[in-house]
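A.B. asks: Each chain is listed here by its residues.
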Amino acid sequence: MSQKRILLIEDNEFNRKIVRDLLARQPYDLLEANDGEAGVAAARRDRPDVIVMDIQLPKLSGLDATRAIRADPDTAKIPIIVVTSFALSGDDKKAMDAGASAYLAKPYSPRQLLDTIRKMAGDA
Amino acid sequence: MRSSVHFKLLAAFMLVALLVAVMGAMSLEIMSRMAAQSEGMHHAHERVTAARQAQHALALQMNYTAMALILRDEETIASILKENNRLNTMLAEIENAAPAEEREIIQRIRGAQGDVMATVADVANLVRDGKVDQAMELQLKSGYPLFRQVEGLVELVVRIEEKNMAQQRAATARANRHAFYLMGGLVMASLLLALLLGFVTSWSFILPVRKAQAFLGQVAKGDFSTTVTVDNRDEFGELAAQMNRMSAQLSGLYEEQREAARQLETLNTQLARASQAKSEFLANMSHELRTPMNAILGFTEMILDEIYGEVPPEVRGPIQDVRTCGQQLLRLINDVLDLSKIEAGRMELSLTDYSVPEVVETARTSLRSLAVEKGLEFTADVEPKMPLAYGDGKRITQCLTNLVGNALKFTKQGRVAIHARREGDEVIYSVADTGIGIPADHLDQIFGEFRQVDASISREFGGTGLGLSITKTFVELHGGRIWVESEPGRGSTFYFAIPLRVAEATEVV
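Line by line, the protein sequences are chains P and B.
When you line the first sequence up against my numbering, it's residues 8 to 131, in that order.
When you line the second sequence up against my numbering, it's residues 1408 to 1916, in that order.
Extracted from the complex, chain P is given alone in its bound form (with noise of 0.2 angstroms):
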């Protein structure tokens, strides 16, 4: 059985390299998007099996882009963890609203990561 696989839809380079390191080691792969459009149709293409979604993204933000693979039958199963970098009171409900599986407030620790990412992907 092949790894499971992770698509990273973030646009800062230093924090999908800090993924891809923290990922490195670990049963997965990691697929990455740099922007909304471009992570909800690597979402479509490799029906990845948990999603980590930036908020603040270019193109399409990370709320609009969790709602769209949300109302595409073939990807709304796919467990989100949002990731944002406001922090503040009402984002994690705005982002469970939109449809996320977890809610992760940036400066997040990266353990605490892989943790929300063993937990969706179902291996904790």
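Careful, some of the hints might be misleading.
Partner residues are not named here, just some residues of chain B that face chain P (Cβ under 7 angstroms, in silico) [what the hints assert, rightly or not]:
| hint | residue |
| --- | --- |
| 1 | 1697 |
| 2 | 1698 |
| 3 | 1700 |
| 4 | 1702 |
| 5 | 1705 |
| 6 | 1707 |
| 7 | 1708 |
| 8 | 1709 |
| 9 | 1710 |
Using 27 angstroms as the maximum straight-line C-alpha spacing, the simulated DSSO-like pairs for lysine-lysine come out as follows [as the list claims (entries may be wrong)]:
| hint | chain 1 | residue 1 | chain 2 | residue 2 |
| --- | --- | --- | --- | --- |
| 10 | B | 1685 | B | 1801 |
| 11 | P | 24 | P | 66 |
| 12 | B | 1538 | B | 1548 |
| 13 | B | 1816 | B | 1801 |
| 14 | P | 11 | P | 24 |
| 15 | P | 126 | P | 11 |
| 16 | P | 11 | P | 84 |
| 17 | B | 1685 | P | 101 |
| 18 | P | 126 | B | 1781 |
| 19 | B | 1489 | P | 100 |
| 20 | P | 101 | P | 84 |
| 21 | B | 1781 | B | 1819 |
| 22 | B | 1801 | P | 101 |
| 23 | P | 66 | B | 1685 |
| 24 | P | 100 | P | 66 |
What the hints contain is simulated information worked out from the structure, not anything from laboratory work.
Every residue, glycine too, gets a C-beta built ideally from N, C-alpha and C.
Following the hints, put chain B in place on chain P, whose structure we already have.
C.D. replies: For chain B alone, kept in the frame of chain P given last:
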């Protein structure tokens, strides 16, 4: 001509008083005329009486003469003379102040009476001589006709006097009537004049007052376009002119004030826009700062977790310092973001059930390393059997962390202690330290933004002075309150009380 209200009133009252005086004078005049009339009546009456007495005396004289012919005594003859004298006296009385015509008649009476008396003397002598028949004949032939003549004349006088009296009476009645009409007319004229004067005077006051009233009503409504026109050349006219000047001045002031208000509004809008721009800038900056912070803290954590391989012991320390400083920087960024949200009025609480022991534990865990580093005793205790609370647990944790961070920062030795206990419907958190304390005169300022006790404090201890202000805002958003007890040199205890179950977020300005 300018005439004052004073003058107008005085003139009106004087005119009425003058009328009363004229009426008084005329009454006096009429009274004295009536007295004269009555005197004249009395006089006429006396003269009529005198004329009748003269008539009576003459009749008696005739009677005594006739009696003398029968009785033939001296006493009766003397009576004739006596009546003759009485007749003369009366005639003299009438003659006095008699008109010429009457005086002539009286002269004729005197003449005829002289003849009568001569005849009577002859008759008396014949009677004394006993020649009664001759006496009687003389009397009948001469005396009697003479008597008749005198009697006719006296009758004439009586008639004249009676006619005079009648005339006098008619004149008096006429004069009375005349006086009555005159006085009546005068009274009516006075009444009419007084009414007219009162009417004219009062309307000359009422009209300008009514105009002024209407005008002031307009002015009070903010309508300065009208003016009041009062033609009176008295105090009212002056008052109206003054009111017009006042209205013009008010209008100017009103315009100025409106202009000032407009400027203020513009300024206010500009300020609000500037404040909004500042808040947005701060929010954006905070966001832009967080993205690299995420990378810094993330890489640091992964290095320390040895994801990249084993960390040499001499490198671990500096990397831990990077993490500590990064977390500090993150707290500052959070504070700035919170402040911008608070200032923009967009700070909202996220209300859920939360656990008080968890809040205390989170605050303690996040700052334990700092306390250990400074060698401070650091304790936390929560009243047992604390029920589940309802509020924004994250924000309350942030408040407690702020207070504990301050306590650790300002305490060089001793201890920092967190307590949480329930009191009625409230949870009271307290953070006690044995730090530098706060002077009494600064206690009420420390919750303001950017406030520290003085500049040397920020040099020695650092910090932005945002923490307490933000903490206070969150406490108040929960409908709670915050206070401090402190003694310089001995330490401070900060308290905040939060309703165990928050009803809804309270507006904080």
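A.B. asks: All hints are to be evaluated individually against the structure, with a verdict given for each.
C.D. replies: Going through the hints against the structure:
For residue 1697 of chain B, the interface hint holds, since its Cβ comes within 7 angstroms of a Cβ in chain P; the closest pair sits about 4 angstroms apart. Taking 7 angstroms as the C-beta cut-off, the interface hint given for residue 1698 of chain B holds, the closest approach to chain P being about 5 angstroms. At a threshold of 7 angstroms, the smallest CB-CB gap from residue 1700 of chain B to chain P is about 5 angstroms, leaving the interface hint in force. This hint holds: residue 1702 of chain B has a C-beta 4 angstroms from the nearest C-beta of chain P, less than the 7 angstroms allowed.
Below 7 angstroms, beta-carbon pairs count as interface contacts, and residue 1705 of chain B has one with chain P at about 4 angstroms; its hint therefore holds. For residue 1707 of chain B, the interface hint is violated, the least distance from its beta-carbon to any beta-carbon of chain P being 10 angstroms, above 7 angstroms. Hint on residue 1708 of chain B holds. Least Cβ distance to chain P is approximately 5 angstroms, under the 7 angstroms limit. Of the supplied interface hints, the one on residue 1709 of chain B holds, with its beta-carbon coming within about 5 angstroms of a beta-carbon of chain P, less than 7 angstroms.
Interface hint status for residue 1710 of chain B: violated, as the beta-carbon distance to the closest one in chain P is roughly 10 angstroms, over 7 angstroms. With a C-alpha separation of about 26 angstroms, the suggested pair residue 1685 of chain B and residue 1801 of chain B falls inside the 27 angstroms cut-off, and the hint holds. Distance restraint check for residue 24 of chain P and residue 66 of chain P: the Cα-Cα separation of roughly 21 angstroms lies within the 27 angstroms cut-off, and the hinted pair is therefore satisfied. Proposed proximity of residue 1538 of chain B and residue 1548 of chain B is supported: the alpha carbons are some 15 angstroms apart, at most 27 angstroms.
Simply put, residue 1816 of chain B and residue 1801 of chain B have alpha-carbon atoms about 22 angstroms apart, close enough for the 27 angstroms limit, and the pair holds. Restraint check for residue 11 of chain P and residue 24 of chain P: satisfied, since their Cα atoms lie roughly 19 angstroms apart, inside the 27 angstroms limit. Among the hinted pairs, residue 126 of chain P with residue 11 of chain P is consistent with the structure: their alpha-carbon atoms are about 13 angstroms apart, no more than 27 angstroms. With a C-alpha separation of about 15 angstroms, the suggested pairing of residue 11 of chain P with residue 84 of chain P holds against the 27 angstroms cut-off.
A distance of roughly 25 angstroms separates the Cα atoms of residue 1685 of chain B and residue 101 of chain P; the hinted pair therefore holds under the 27 angstroms criterion. Proximity of residue 126 of chain P to residue 1781 of chain B is assessed by CA-CA distance (about 38 angstroms); at most 27 angstroms being required, the pair is judged violated. Distance hint between residue 1489 of chain B and residue 100 of chain P is unfulfilled; the C-alpha atoms sit about 157 angstroms from each other, more than 27 angstroms. Taken as a hint, the residue 101 of chain P and residue 84 of chain P pair is honoured in the structure, with Cα atoms around 19 angstroms apart against an allowance of 27 angstroms.
Between the alpha carbons of residue 1781 of chain B and residue 1819 of chain B the distance comes to roughly 7 angstroms, so the proposed pair stays at or under 27 angstroms and holds. For the hint pairing residue 1801 of chain B with residue 101 of chain P, the CA-to-CA distance comes to about 17 angstroms; that is within 27 angstroms, so the pair holds. Taken as a hint, the residue 66 of chain P and residue 1685 of chain B pair is honoured in the structure, with Cα atoms around 26 angstroms apart against an allowance of 27 angstroms. Distance check on the hinted pair: residue 100 of chain P and residue 66 of chain P sit about 22 angstroms apart at the alpha-carbon level, within 27 angstroms; holds.
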